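Peer 1: Residue numbers (full-length UniProt numbering): 1 to 486.
Note that these hints are calculated values from the structure, not bench results.
Careful, some of the hints might be misleading.
Pair by pair, the computed Cβ-Cβ distance ranges are [stated by the list, open to error]:
| # | residue 1 | residue 2 | range |
| --- | --- | --- | --- |
| 1 | 300 | 92 | 27 to 33 Å |
| 2 | 51 | 442 | 21 to 27 Å |
| 3 | 293 | 128 | 39 to 45 Å |
| 4 | 87 | 59 | 42 to 48 Å |
| 5 | 353 | 324 | 18 to 24 Å |
| 6 | 20 | 50 | 24 to 30 Å |
| 7 | 2 | 293 | 32 to 38 Å |
| 8 | 309 | 2 | 48 to 54 Å |
| 9 | 408 | 190 | 55 to 61 Å |
| 10 | 222 | 273 | 29 to 35 Å |
| 11 | 405 | 238 | 58 to 64 Å |
| 12 | 287 | 8 | 40 to 46 Å |
| 13 | 353 | 479 | 18 to 24 Å |
| 14 | 5 | 335 | 46 to 52 Å |
List time: in silico EDC-like cross-link candidates among lysine to aspartate or glutamate, alpha-carbon distance up to 16 Å [what the hints assert, rightly or not]:
| # | residue 1 | residue 2 |
| --- | --- | --- |
| 15 | 221 | 294 |
| 16 | 469 | 7 |
| 17 | 469 | 415 |
| 18 | 57 | 45 |
| 19 | 390 | 184 |
| 20 | 4 | 102 |
| 21 | 208 | 284 |
| 22 | 57 | 155 |
| 23 | 317 | 204 |
| 24 | 82 | 92 |
| 25 | 469 | 102 |
| 26 | 211 | 459 |
| 27 | 152 | 394 |
| 28 | 420 | 172 |
| 29 | 483 | 444 |
| 30 | 211 | 155 |
| 31 | 469 | 10 |
| 32 | 272 | 199 |
| 33 | 82 | 102 |
| 34 | 423 | 174 |
| 35 | 469 | 204 |
| 36 | 57 | 137 |
| 37 | 82 | 459 |
| 38 | 4 | 100 |
| 39 | 353 | 194 |
| 40 | 208 | 100 |
None of the values given here were measured: they were computed from a predicted structure.
Virtual Cβ for every residue (Gly too), placed ideally from N, Cα, C.
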Amino acid sequence: MEVKNLEPQELWSNFVRLNAVPRASKKEERVIAFMVSFGKELGLETVTDPIGNVVIKKPATPGMEDRKTVILQSHLDMVHQKNSDTVFNFDEQGIEMFVDEDWVKARGTTLGADNGIGVAAIMALLASSTIAHPALEAMFTIDEETGMTGAKQLDPANFSGLVLLNLDTEEDDELTIGCAGGIDTNTNYNYQQEAVAGDSTAFEITIKGLKGGHSGMDIHKGRANANKLMNRLFYTAAQTMELAIGSVNGGSLRNAIPRESAAVVVVANAEKGIFAEFIRSFADLLKEEYHTVEPTLVLATQETVLPAQVMVKADFKKIVNTLYAMPNGVFRMSPDIDDLVEASSNLARVIIKDGSFITQSLQRSSVESTKTDVSNAIRAAFENMGAEVKQAGDYPGWKPNPDSDILRAMVALYETSFGKAPKVEACHAGLECGILGGHLPGMDMISFGPTIRGAHSPDERVQISSVQKFWGYLITILKEIPKNTK
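Could you build all of it, start to finish, from the sequences and the hints given here?
Peer 2: Listed below in structure tokens is the structure:
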């Protein structure tokens, strides 16, 4: 079956239309134009604020005019990731989707269900002539995935709503009432190089086949980080042989756990046998450690062209030791909320090339003080080796409000609809609600969505039956929005 023919067709058909539009973070011009055209074709009030967020307003249906105005919010951008052997141009091609039993998937790339399903649901509501609802203010933000720029620079004058429904979480039995904040740590260090000895051989080392995933939602799952594995390989190899680094290219996006890393190293011809045996034993070690969570892990080597220069020994030790010591993964679990990661760090990007060593990492926490603590730990490690450190993109978390009116209403509706209580959670991802709450003080907010797996990776998929559940729940809660008594 084609994706556009799935039920509810009004949602899936819009998802197909949306996924035909390239929409990388910071490259949203085409999807902004697409959404503006969509609103205007419906004859609805449509505006774009100075940063590029799109706002579409729809009046209440007859009989619902006295209800609280609802802001429906999702972000337009998506994470662009693909498998290394997938030929695909995100700037020119639409996502290639297919149905696999109860899941919609993409062919070798991210799917864009994060947050395209939320966007498509809002589009379906705006286009509907049969669904009862109060006045709606659709808020489509930009650049959520690489800095939440749209949320940070939102123009609050465009909104009068009293309830905000954020459609950007990934478990259909959860209602999210809080999230982590984050900060980016970017580093740069200029290392010295030297000429390669003539009696040497260069090898390309590749680590791939890892699951990767969302650096917030998946950080506690024990998945391997390709950048940390590659650096561990360097450190361990250097204990028994002379190994020089020509280049490294690891990871991709700041909010994705690195799935792949590639490096060029040089070893003396006299140590080629030692190197080959080391790679075999190290690969066996990693496969044993990660056989449960990373069953498709691959460590491969092949001879390649000798680089003109390699990193000098002194800088090799500085860089490898710093990366080895750098905190990565869960930094602290919440002592107040069961099973919630409070603070974490993800070493997302490592580039070594032509005398320049660059890293990008993202630290998250639901508590400002521990966000500062973990980001300071990263800063200290790199400053100690003499690197330049720049921290930017700081955004706040969203403090849970267990006394929320919309939370009470949605819990009661969930219990009535599905015969059990939902999970009321805070999450370790960075939702825009914390920032939006600063622009719209007193806003009653909640986040929910369908079941999505593998977000921020080519394994991303969304469950069809869950989308049906989410859609029915969404249109029912809109009918139950209370009257505006203010």
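Peer 1: Next step is simple, just say for each hint if it's right about the structure.
Peer 2: Against the structure, the hints:
1. Checked against the hint of 27 to 33 Å, the pair residue 300 and residue 92 passes, with Cβ atoms roughly 30 Å apart.
2. Separation of residue 51 from residue 442 is about 23 Å and conforms to the stated range, judged on CB atoms against 21 to 27 Å.
3. One distance hint, 39 to 45 Å for the beta-carbon pair residue 293 and residue 128, holds here, with the actual separation near 42 Å.
4. The hint said 42 to 48 Å for the Cβ distance between residue 87 and residue 59, and at roughly 47 Å that hint holds.
5. As the Cβ distance of residue 353 to residue 324 is approximately 20 Å, the hint placing it in 18 to 24 Å holds.
6. Separation of residue 20 from residue 50 is about 27 Å and conforms to the stated range, judged on CB atoms against 24 to 30 Å.
7. Distance hint for residue 2 and residue 293: a CB-CB separation of about 34 Å, consistent with the stated range 32 to 38 Å.
8. A C-beta distance of roughly 53 Å is found between residue 309 and residue 2, which places it inside the suggested range of 48 to 54 Å.
9. Restraint check, residue 408 to residue 190: a C-beta distance of roughly 57 Å satisfies the suggested window 55 to 61 Å.
10. Distance hint check: the CB atoms of residue 222 and residue 273 are about 34 Å apart, consistent with the given range 29 to 35 Å.
11. Range check, residue 405 to residue 238: Cβ separation about 60 Å, and the 58 to 64 Å hint holds.
12. Here the CB-CB span from residue 287 to residue 8 is close to 43 Å, well matched to the stated 40 to 46 Å.
13. Checked against the hint of 18 to 24 Å, the C-beta distance between residue 353 and residue 479 comes to roughly 57 Å, which is inconsistent with it.
14. Checking the proposed 46 to 52 Å range against residue 5 and residue 335 shows it holds: the Cβ atoms sit about 49 Å from each other.
15. Between residue 221 and residue 294 the CA atoms are separated by roughly 11 Å; this keeps the pair inside 16 Å, and the hint holds.
16. Annotation: proposed proximity of residue 469 to residue 7 holds, straight-line Cα distance about 11 Å (limit 16 Å).
17. Proximity of residue 469 to residue 415 is assessed by CA-CA distance (about 13 Å); at most 16 Å being required, the pair is judged to hold.
18. Only pairs whose Cα atoms come within 16 Å are accepted, and residue 57 paired with residue 45 is accepted, the gap being roughly 5 Å.
19. The straight-line distance between the Cα atoms of residue 390 and residue 184 is roughly 8 Å, inside the 16 Å bound, and the hint therefore holds.
20. Of the pairs offered as hints, the one joining residue 4 and residue 102 holds, with about 14 Å between alpha carbons and a cut-off of 16 Å not exceeded.
21. Our distance criterion of 16 Å between C-alpha atoms is met by residue 208 and residue 284, whose separation comes to about 15 Å.
22. Pair hint residue 57 plus residue 155 holds up; C-alpha atoms about 15 Å apart against a cutoff of 16 Å.
23. Restraint check for residue 317 and residue 204: not satisfied, since their Cα atoms lie roughly 20 Å apart, outside the 16 Å limit.
24. For the given pair, residue 82 sits about 14 Å from residue 92 by alpha-carbon distance, which is consistent with the 16 Å threshold.
25. In summary, the hint linking residue 469 to residue 102 is supported, as the alpha carbons are separated by about 13 Å, within the 16 Å threshold.
26. Between the alpha carbons of residue 211 and residue 459 the distance comes to roughly 8 Å, so the proposed pair stays at or under 16 Å and holds.
27. Proximity of residue 152 to residue 394 is assessed by CA-CA distance (about 10 Å); at most 16 Å being required, the pair is judged to hold.
28. A C-alpha spacing of about 13 Å is found between residue 420 and residue 172, which places the hinted pair at or below 16 Å, so the restraint holds.
29. A distance of roughly 14 Å separates the Cα atoms of residue 483 and residue 444; the hinted pair therefore holds under the 16 Å criterion.
30. The straight-line distance between the Cα atoms of residue 211 and residue 155 is roughly 38 Å, outside the 16 Å bound, and the hint therefore fails.
31. A distance of roughly 14 Å separates the Cα atoms of residue 469 and residue 10; the hinted pair therefore holds under the 16 Å criterion.
32. For the given pair, residue 272 sits about 11 Å from residue 199 by alpha-carbon distance, which is consistent with the 16 Å threshold.
33. Distance check on the hinted pair: residue 82 and residue 102 sit about 22 Å apart at the alpha-carbon level, beyond 16 Å; violated.
34. Pair hint residue 423 plus residue 174 holds up; C-alpha atoms about 5 Å apart against a cutoff of 16 Å.
35. The hinted pair formed by residue 469 and residue 204 fails the criterion: a straight-line CA distance of about 48 Å is larger than 16 Å.
36. For the suggested pair residue 57 and residue 137, the alpha carbons sit about 5 Å apart, so the restraint of at most 16 Å is met.
37. A C-alpha spacing of about 9 Å is found between residue 82 and residue 459, which places the hinted pair at or below 16 Å, so the restraint holds.
38. Simply put, residue 4 and residue 100 have alpha-carbon atoms about 14 Å apart, close enough for the 16 Å limit, and the pair holds.
39. A distance of roughly 13 Å separates the Cα atoms of residue 353 and residue 194; the hinted pair therefore holds under the 16 Å criterion.
40. For the hint linking residue 208 to residue 100, the alpha-carbon distance of about 24 Å lies beyond 16 Å, and the restraint is violated.
In this structure, the hints that do not hold are numbers 13, 23, 30, 33, 35, 40, in rising order.
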